[in-house]
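In this text, residue positions in the sequence shown follow our numbering: the first is 4, and each later residue adds one.
Please note: incorrect hints may appear among the correct ones.
Between beta-carbon pairs, the in silico distance windows are [to be verified]:
no., residue 1, residue 2, range
1, L19, K65, 13 to 23 angstroms
2, K13, D61, 12 to 22 angstroms
3, E50, F24, 13 to 23 angstroms
4, N9, D70, 34 to 44 angstroms
5, S10, D70, 31 to 41 angstroms
6, N68, N9, 33 to 43 angstroms
What the hints contain is simulated information worked out from the structure, not anything from laboratory work.
Beta carbons: idealized from backbone N, C-alpha and C, even for Gly.
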Amino acid sequence: MQKILNSSLKDFMTKLPARHFLQVHKSFAINTDYPDSLDYACIQIGEDEIPVGRKYRDTIKKFLNVDL
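I would like the entire structure built from these sequences, with the hints used as guidance.
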């Protein structure tokens, strides 16, 4: 599901519970309860593929306790 926001993702992320939402790319954040699969380049949620930014890989690995 795609939502259009009028504020920056950074501002929006401050309003979400940090234990459930994670920024994974400069333009994308995910609800960490729903990823179906992930690898070094993308996270699969249902039929949607969310790109993983290089800058965010270490944070994702620590947060989800996985090796990308």
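Here is how each hint holds up against the structure:
1. L19 to K65: 13 to 23 angstroms: holds (18 angstroms)
2. K13 to D61: 12 to 22 angstroms: holds (18 angstroms)
3. E50 to F24: 13 to 23 angstroms: holds (20 angstroms)
4. N9 to D70: 34 to 44 angstroms: holds (37 angstroms)
5. S10 to D70: 31 to 41 angstroms: The hint (31 to 41 angstroms, Cβ to Cβ) holds, given that S10 and D70 are roughly 33 angstroms apart.
6. N68 to N9: 33 to 43 angstroms: holds (34 angstroms)
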